[in-house]
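Trainee: Next come the chains, spelled out residue by residue.
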Amino acid sequence: MANIISDETIEYVGILAKLELSDEEKEAAKRDMGRMLDYIDKLGELDTAGVEPMSHIFPVQNVFREDVVTGTDCREAILKNAPRQKDGMFVVPKTFD
Amino acid sequence: MGKQYETVIGLEVHVELATKTKIFCGCSTEFGGAPNTHTCPVCTGMPGSLPVLNKQVLAYAVAVGLATDCKITRYCKFDRKNYFYPDNPQNYQISQLYLPICRDGKVEIETESGKKFVGIHEIHMEEDAGKMIHDEGSDYSLVDYNRSGVPLIEIVSEPDMRSAEEVIAYLEKLRMLIQYLGASDCKMQEGSMRADVNLSVREVGSLEYGTRTEMKNLNSFSAITRAIAGEKARQIDLLEAGEKVVQETRRWDDNAGKSYAMRSKEDAQDYRYFPDPDLVPIVVTEEFLADIKAKQPEFREDKIARYKEEFDIPEYDIDIITGSKHMADIFEETVALGAQPKKVSNWLMVETLRLLKENNMDPEDIRFSPKHLAGLIKLTDAKAINSTVAKEVFEEMFKNDIDPENYVEEKGLKTVSDEGALRKTVEEVIANNPQSVEDYRNGKEKAIGFLVGQTMKAMKGKADPGMVNQLLKELL
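Residue numbers (the working numbering), protein chains in the order written: chain A, 999 to 1095; chain F, 111 to 586.
Keep in mind that the hints were calculated from the coordinates and are not lab data. In this text the structure is predicted, and so the values were computed from the model without any measurement. The C-beta atom is built at its ideal place from N, Cα and C for all residues, glycine as well. It is possible that some hints are incorrect.
What the hints assert, rightly or not - Simulated restraints, written as ranges between beta carbons of each label pair: (1) A:ILE1038 to F:GLU140: 42 to 48 Å; (2) F:ALA404 to A:HIS1054: 28 to 34 Å; (3) F:GLU474 to A:THR1070: 27 to 33 Å; (4) A:LEU1044 to F:TYR208: 18 to 24 Å.
Take the sequences, apply the hints, and build the full model.
Mentor: Structure (C-alpha cells):
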C-alpha cells in the first residue's frame, strides 16, 4: 500500500464526519482509506494535460424551473423524522452561533 | 508619538432574492408562515430528492452582476459546502466556489472625501439555511426550515474601503441598485440584506494587509458604524500592546457595544467543497444575457438627471423621491395621469413622509395607487374639497388606498360652495358671537379668525375658507 493514513488524519476525518471510532475501527478505516487512495492514484498515470475537469457525466445543461409555487406543506411528514418536536419545530441540542 | 493607522475593510453582503419560490424547489418564500409549513423533501434534504434551479434566481443574479459592472461567467456550476449544523438539513449548503456567476465588478460610491470605486470580487448564488430559535433558559433549540432554500446572492467586495462612511455609501449603493432591479427589498432589519465586515488595520503607508477579522450579526447601518469603530480600536490596542490580531470570526453585540470571538480560524471548518452532481452546469446564452440587458431599469443617477430636465421640482425633492424606486414609480405614474409634478411631489414630500415616519414604514411599503393620488389632486384643483379635508382623505388613502372621489361622495365631504347656505351660517355665527363682532369692528382684525373658525366648525370643515372670509367681511 503506497498511501499510509496517519493517526492524525483519521482523527481529523472522524471529527469532520462527526464519527467516534473505536481503536479497531480506526485501524480498519486507515487501511480502507489507504487502499482507496492507491486506487485513485491510478488516475495519475494518465496524461490529462489539456483535458477540462469534468463534474457531470451527462451532456445536459440549463435545466431550470419557472418561479411558480408548487410546494406543498410537508410539515407532518418531515416532523415524523424528528426524535423530538415542539410547536411544529424540530428540537435539537442547544446550539450557539 | 503615536503611530497612524489605516482601516482596511471588505464586505460580504448576503441579499435574499425576491422570488416567489425557493432556489431549488417550488416551496413559497413568503415570510411569516407557521414553522415548517413551507417545506418539501428538497429543502429539508431528504435523500433521493432532486434540486432544480429557479430560473428567476439566475436572472436576478445576472441582472445584479450587470448593474455592478461584473463579468458574467458564461459556464457556471454549483458546489456543495459541507458542514454540520442543525439549521442545515442536508449537511451541506449548495453554493458556488469554483465558477461563481459574476466576477470582477465595481461600483462607484461618493462620500464627503469624494468619489471612488469599490471593486466587486465576485457574486455567487446560494441557498439560505433554516432558522434556529434559542429558547431562553431551556436546554434545547428549535429549528424552522421555512427559510431553508430561500435564494441568496452573496456579493463579495474587494478590500477597498477605508472608513465606516465608505462602507455605508457602498451598502446604500448596492441597496439602491438591487431595489431598482426589484431583485430584493434589501431590508437589513428583516434580514433580507445582511453584511459581514472583514476588517484589518495597518500603519499608514504600509502596503501589506494586517490580519483581518470577520464580524457578523450586524443588523443596521448604525450597528455597522459602531462595530467598525469598536473593532478598529480593539485591533489598534492589540498592536500597540505588542500583541497580535488573531484571524477569527467575531459576533458584534450592539447592546454591549462589544464583539466576541465566535470561532478562530485554527479550528476553522474544512468545507470540502465539490461540484454538486445533482445540478447540471449553467450556460448563460447570448439570448438570455440580451434579454436581461434589455430589461435593466433606468437607475437612480439617470433618473435624477432626467427629473432635473423634465420636472420643475427642487433637487432636494428629486433626491428623496428617487431614493426609492417605488416612490419614483408612484411619482411618475401620477404625473402621467395628468397631475402637476410639483403637487405630486408635495404630497410625497410632506404628508407621505410624515405618515411613513409616524408608522415606522419604508417608502417601499407605500400602498396607495397613483390613480388615487391623481384623483385627490384633481379634487383639490377643482376646489371640490379644501386642504384640511384633502389631508383627511389622504390619510385614509395612505391607510387603505381608498378612491378619494367615492370617499368624498360617501362621507359628504365636498366643499359647500352654495353661497346661500354659507351666507346663512355666517349670519348665524355673527349673531351668536357679538363680542368678537364688536372686537372686529373696534379694529381688532384678528377677531375675524375666530369667526372663520366658528363658521368652519358649523360647516363641519366643508367650506371654502376664502369664501367664508369674504362673506364675513361683507356682512360685518
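Trainee: Which numbered hints does this structure break?
Mentor: none
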